[in-house]
Amino acid sequence: MLKFIAKRLLFLPLVMLGVTMLLFGALQFLSPAMRASLYIHDPRQLSALNEVIQKYGLNKPMPVQYWIWLKQVLHGNLGYSETAKMPVSDAIRAFFPATFELTLVSFIPILLLGIYFGTLSAVKKDKLLDQTTRVVAITGYSLPSFVLGLFLLMVFYGHFQIFPPGRYSLDVDLLVHSSGFHHYTGLLTLDAFLNGDFAAAGDIFSHMILPAATLIYISVALLLRITRSSMLEELGKDYVRTARAKGLPESVVVKKHARKNALIPVVTLSSLLFIGLLSGVVITETIFDFPGIGRWSVIAAQQLDVPGVMGSTLLSAFLFVTANMISDILYAFVDPRIRLS
Amino acid sequence: MMGRRMSLAFFPALLLALVSCARKPIEQAAFDPSTYTELTFNDSDSMDPAWSYDTASDEVILNVYEPLFIFKGASTKELIPLIAAKVPTRANGLISADGRTYTIPIRRNVTFQDGTPMTMQDVRYSVLRFMLQDRDAGPSPLLLEPLTGYGGTRDAKGKIVPGIFKRAEQSVQIDGWNLVLRLPRPFSPLPTILASWAPIVSKKWATEHGDWDGSEATWKKYNNPEKQTSYFFEHAFGTGPFVLVRWDRNTHEIVLRRNDHYWRAPAKLKYVIIKGIDEFETRKLMIQAGQADSIYATRDVWEQVQNIPHVDIVDNLSTLEINPIVFFTFKLNGTANPYIGSGKLDGNGIPLDFFNDVNVRKAFAYAFDYKGYINDVVNNKGIQPTGVVPKGLLGYNPSQKKYHHDPQKAAYYFKKAFGGRVWKKGFKFTAVYNAGNIMRQSLLQVLKHNVEALNPRFNIEIRPIDWPEFLDAYIASKLPIFILAWQADYPDAYDFAFPMLDSQGAYPGPQHFADPRIDKLIDEAVAQTNPAAREKLYWRIQELEYQDVPDLPVLQPLDYRTQRDWVKGWVNNPIFPDAPYGCYYYPVYKQLPVSTQKPAAKAPKHA
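From first to last, the protein sequence lines stand for chains A and B. If you count the first sequence from 1, position 137 lands on 137 in this note's numbering, and the numbers rise without skipping. Quick note, this note's numbering runs 1000 ahead of the 1-based positions in the second sequence.
The following block holds chain A by itself, in its conformation from the complex:
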């Protein structure tokens, strides 16, 4: 196991290097003037376009620009993100905890609801519950997140005036920025608890409810469908028939035998969902004004903020490799026949 983890971890820098080379190469298809658009926002600045290109070395050959960037990174400096208005490492530190917190709040219900209703749907195949969950799953899967997000915002915030957008309300804003508030983990809800301010924790949590609900509804559908089909496949197998013939209770057959074996595709999908959520959910973050990593990385890409794009891509690559490694480890737990080698 340790050998497997070490091998994967050694592989990580190579993956990241490859990703940055590919990305840097792709960015060079854009002209220096295009990349200067990061610094020229206003028509009043148009006359200084050539000076900006010169200042930031945008007309230097691609390998030279890549080498300059790589040298910086090797010295622990990921560069400065013009779109985040802060160094890339600070931007990751600033935006990632918010996304991580939202991911945790969303992912646990996604996992529980997806597996629970997926299993139930398979067990009650073609019954009312199965039909209902399938309809719910299909609508969730096909509903664009901005439509659902805006709908939830209009109903809950616009009409009932609960669950406001943003990260927290004004009271809490002043609190979390005060010197008395300690940022232990960067996860604000947890930090508020640790600071002993339960009202603030409730406030921060309430701001996550609508974005989390949007993500849950949209993401749970896929997991539910996969669990259901995987369960149906397992329930039709001989060993399940044998287990039933032995007189085992149905709950044991379903939970201890069939579901355990049906979980392998679910683990794969869950890890992908988890990475997707961690890499940021752009539209949900934008609609709910939630300052996460997804919104920043997309703005960085739109505005050709090369250090920003490189930084967020490195983070995604890191998350992807790590999450894959974790899911591989989980396979072995779910099915002991799988050996990590």
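Don't read these hints as lab results, they were simulated from the structure. Please note that a few of the clues may not be correct.
[As the list claims (entries may be wrong)] PhoX-like, lysine-lysine: derived pairs with alpha carbons at most 25 Å apart:
#	chain 1	residue 1	chain 2	residue 2
1	B	Lys1221	A	Lys71
2	B	Lys1157	A	Lys55
3	A	Lys60	B	Lys1221
4	B	Lys1371	B	Lys1391
5	A	Lys55	B	Lys1227
6	B	Lys1221	A	Lys55
7	B	Lys1157	A	Lys60
8	A	Lys237	A	Lys255
9	B	Lys1159	A	Lys55
10	A	Lys71	B	Lys1227
11	B	Lys1220	A	Lys55
Note that the structure is a prediction, hence the values are computed from the model and not measured.
Put chain B on the given structure of chain A with help from the hints.
Leaving out everything else, chain B in the frame of chain A:
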């Protein structure tokens, strides 16, 4: 069985717990007379007055720092002294007879936000720092040009101009409590520039935090710096009515607090929160809920902000902006140019000098339906300019001839163009607009429709492009026509005439437009100190613009502001940054209208 029941009960229980975590309904906590929340779209770039050249940052700077003068109320012409004790004029003798020396008496009772008195050294340092920092694409040339005669501190190769420090230093002198500015030649708009730019910073505070110490020996180190290297980037220390508490780049939020050491009466608001929210619907819901006092809402969403309870729409607000304005490129770049078809006058493209023929430009000018556009696209919220000088500035000539929609004249000029070959062969090119800009898209659709209706051989393709792609094509002179806008840096005709019509200006370069007569007149007008004579010169410039047709100024828009009905004291001054969405908060306060007054006003708990 028990387990299933428990798990079934888990989710409703969880939801209930989540709902109960939500704070009390927003309406209860909405009215807070001490705190003003503005929701904007833009994000600030820097808090450094010598760096900032974007309206979002400038709005904060206006509230934290103070320039020498400020515009009186809604006026863009009348200045009142702020840091200065008097506004220099010829009449009061503070502008010399030759118009080259400005003597500006400075107030003695001004203090910075920590209560330390402002000195004359601070005033001089502020003006010099503003000029000499001179970052690429920054605002420094606005003062460098009038005070030193140079448009920048570096040459085209990026080398420091020899002697520029001495020139700057000599032009900004102090004499007791007077700031004396010595100009190489008269420059009439100078007071209005000083009312918008180079606010006063503390030399001591700057030096203590690692910024320039004001000496010749070190200034080059601080010339054209990296933005984030300066302490000024995210900190502020001014004399203004508010203090910068925090710029949270994570949540796009700026918090200002009332300056308790303010040298005038303190502001009425205690806190101002300026928050960037990208999504319009979210901004709208927040003002509807009373969680925002004003929001950024442009003309295309005007209908969506109508009839919201307790939300006022203050409409028909004047602007100092020409937007949109169509520019023709006189000499196109044919290298890998996807916008000019075949590159020949063969019906499938346009030649590189297509718009060099004044008949083509006039034909396009007559083909466009200005009235229809203003009526239908912007609901009559604006006027057709008579030239590049907008209404409201000296130099605007209401009697100046302007183009109007006349298909017959358009056809006449198309027939004359290129000796009749344009009409006979036809043409095809691609016109672009910035993706998502519906007003510009509509403009091109009107132009396309009207031009193509004249002759079936005429073909204009319309394509949206992103800003990076636009910049690339623009700087390489590849766009046959391009649409841009110009907003005033300071309220003077020179700020419009130079960038849009002078051969050294921002747009005529890539356009390859140059009219030596216009260049000469612009040069004369800026140095002319007699207002009546200046006005005549700008009138003549716009006559020539009408004849040359290098551009089509289509609209000077009227804006509107969306604010809660409890907002009082706001005045629209179109020269203030980000007006009418942004605000100079000093005179603003909040008061419930009599009919909706509630006894309990809530202050922030942790304030």
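Q) Keeping to a limit of 25 Å between CA atoms, is the pair of Lys1221(B) and Lys71(A) held or broken? A) holds (24 Å)
Q: For the pair we were handed, Lys1157(B) and Lys55(A), check the Cα-Cα distance against 25 Å.
A: holds (10 Å)
Q) Taken at face value, is the distance from the CA of Lys55(A) to the CA of Lys1221(B) at most 25 Å? A) holds (15 Å)
Q.
Can you confirm whether the C-alpha distance between Lys1157(B) and Lys60(A) stays at or below 25 Å?
A. holds (15 Å)
Q: Mind checking the alpha carbons of Lys1159(B) and Lys55(A) for me, to see if they're no more than 25 Å apart?
A: Holds, at about 12 Å.
Q.
Check the hint pairing Lys1371(B) with Lys1391(B) against an upper bound of 25 Å on the C-alpha distance.
A. Given pair Lys1371(B), Lys1391(B) holds - Cα atoms ~17 Å apart, limit 25 Å.
Q) Taking only the CA atoms, is the gap from Lys71(A) to Lys1227(B) under or equal to 25 Å? A) Holds. Lys71(A) to Lys1227(B) sits at ~21 Å (cutoff 25 Å).
Q.
For Lys1220(B) and Lys55(A), compute the direct alpha-carbon distance and say whether it is at most 25 Å.
A. With Cα atoms ~15 Å apart, Lys1220(B) and Lys55(A) stay inside 25 Å; holds.
Q.
With the threshold set at 25 Å, check whether the alpha-carbon distance from Lys237(A) to Lys255(A) stays at or below it.
A. holds (15 Å)
Q. Holds or violated: Lys60(A) with Lys1221(B), Cα cutoff 25 Å?
A. This hinted pair holds, its Cα atoms lying about 24 Å apart.
Q. Do the alpha carbons of Lys55(A) and Lys1227(B) lie within 25 Å of each other, as the hint requires?
A. holds (12 Å)
The structure agrees with every numbered hint stated previously.
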